[in-house]
Amino acid sequence: MDAEHIFAYIVGGTLAFSLLLFVIVMFVAINNKKRKEERTQYELDLRNKELRLLKIHIETQESERERIARNLHDEVNPLISSLKLHMSKHEKMLERNELKKDDLVKERKYVDDILQQMRIVEKNLSPRYLLRNGLNNALISFLLNLPDIKTTINEVNPEQTSIPHELGINFYRIFLELTTNLLRHDNPKTIHLDMITSKNDLLIKLTHDGTGITNDDFANMSEASTGLGLTSLKSRTTIVNGSLDFQIEPTATITFKAPL
Amino acid sequence: MSFDTYIIIHYSTVILCGLAFIIVLFSNYHIDPISRWLVSGILLSSFLSDVISNILAKLIRNSYPAINLYHFFLGVLIVALYYFNDEKIRKSYLLKLIILTFIPFSIYQLFVSHGLYEFNLETYYFLTVFVIILSLWHFKNLLTNERAVDLKKYYFFWVNSALLIYFGFTFYLYLFNKSVILFEEELHLLVSSIQLYTNIIYCLIFITGVIWTRNISSHT
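Same order as they appear, the protein sequences are chains A and B. Numbering of the first sequence is given in the numbering used here, commencing with residue 1 and proceeding in unit increments. Numbering of the second sequence is given in the numbering used here, commencing with residue 1 and proceeding in unit increments.
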């Protein structure tokens, strides 16, 4: 082999080695670029998720304020107006010395109704029973006090897990919304509550003998609804990273599950 | 190049191979156990083939039995390494084809065609070609995966790079100089020493990979 061939051989070798290095360097460069893009996308997704949660949070607050305002407007305002009318009427009667003790019964009834409505508003603003007795007791108490409904309860909490306050309020409101809708639309006579609290999650299952709805029904209602209840229910479920499941077979059930 | 220089390079390579084997075997950082054993196996077989071929060269003036057997075991270990580290390669027909052809072919070369005492160049070509294909294929698979791999935590990247550099370069060395390497003593020595340098780079990449991933793990 002459010098020329050896030179060509060495040059070829250098090129071959450079080519191999180039392949590896290119791989590293493309991979790093891909990783950088992935990181940017991840950060963007994270920011979007935070924004979405914040939006849901604000929407929930707004819808609850609206509900309280509507409660005050629809329930308390007419009562106060009626009370005012009666008081004016009684004032005139008093001037004429025509007012009797029985005439005041209606006013007292109005005051009682106003107080009851105020309690509902107060309960919506701050669930005191929940704060004082915890989520499990609050839910059980709420269910046991439902009029004309036969309720049974199965509570399981083997590890005596306590639910954080913030989560508890959301769970409580979700439960209230579910139960209110159930009573309003499904006409149940009996409700059975299964409440299973484990170390990692909470499961609330309402089994009832009402008409019930399926997941598809719920999705359709959510899309069609402009009311505050379902919006609040959906928003809170998203906030707590929970899931809802509606079944009608073999028995009508509503299952809510969320991580703790 | 003098023969003494060649011997120095040769011993350096042997020592480095042994060192790489110990480092890889006793490292526990981001290397799954199967890969660790297989890479250790590759380095150990490289170390042993160097030592035994040296002994054979002195005893019977023919080191090819050790080299030929080394290439056979190396092929098996590398196939196993890709089998366990790349799911797409594992499921491919090409790997099955490589397994079904390489083993019978190299056994035929070892015991029938060329025999143990003659250099099985065709087996070596076969080995280098399929290692280059697997190595490039693995890079391609990493790039087409849904998520990019974190190279700071992925030891097999270093293994794959080491295999690509070593086999890619030695393939070139042998491909164009088949007759010359085997029959021209001086050039044979030169090419062998270049191969030893490549071997040093190959071992250094294995060691660097272990150290690199270890540093990352100690920081996190």
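Since the hints were made in silico from the structure, they are not lab data. Keep in mind the model is a prediction, meaning the values are calculated, not measured. Warning: the hint list may mix true and false statements.
As the list claims (entries may be wrong) - Dumping the calculated DSSO-like pairs for lysine-lysine here, alpha-carbon to alpha-carbon at most 30 angstroms:
#1 Lys140(B) / Lys36(A)
#2 Lys91(B) / Lys140(B)
#3 Lys88(B) / Lys34(A)
#4 Lys88(B) / Lys33(A)
#5 Lys33(A) / Lys152(B)
#6 Lys33(A) / Lys91(B)
#7 Lys96(B) / Lys36(A)
#8 Lys153(B) / Lys49(A)
#9 Lys153(B) / Lys34(A)
#10 Lys33(A) / Lys153(B)
#11 Lys88(B) / Lys49(A)
#12 Lys199(A) / Lys152(B)
#13 Lys36(A) / Lys58(B)
#14 Lys257(A) / Lys150(A)
#15 Lys152(B) / Lys36(A)
#16 Lys34(A) / Lys58(B)
#17 Lys33(A) / Lys58(B)
#18 Lys34(A) / Lys140(B)
Sort out which numbered hints this structure fails and list those numbers smallest first. The structure conflicts with hints 7, 11, 12, 13, 16 and 17, although it agrees with all the remaining ones.
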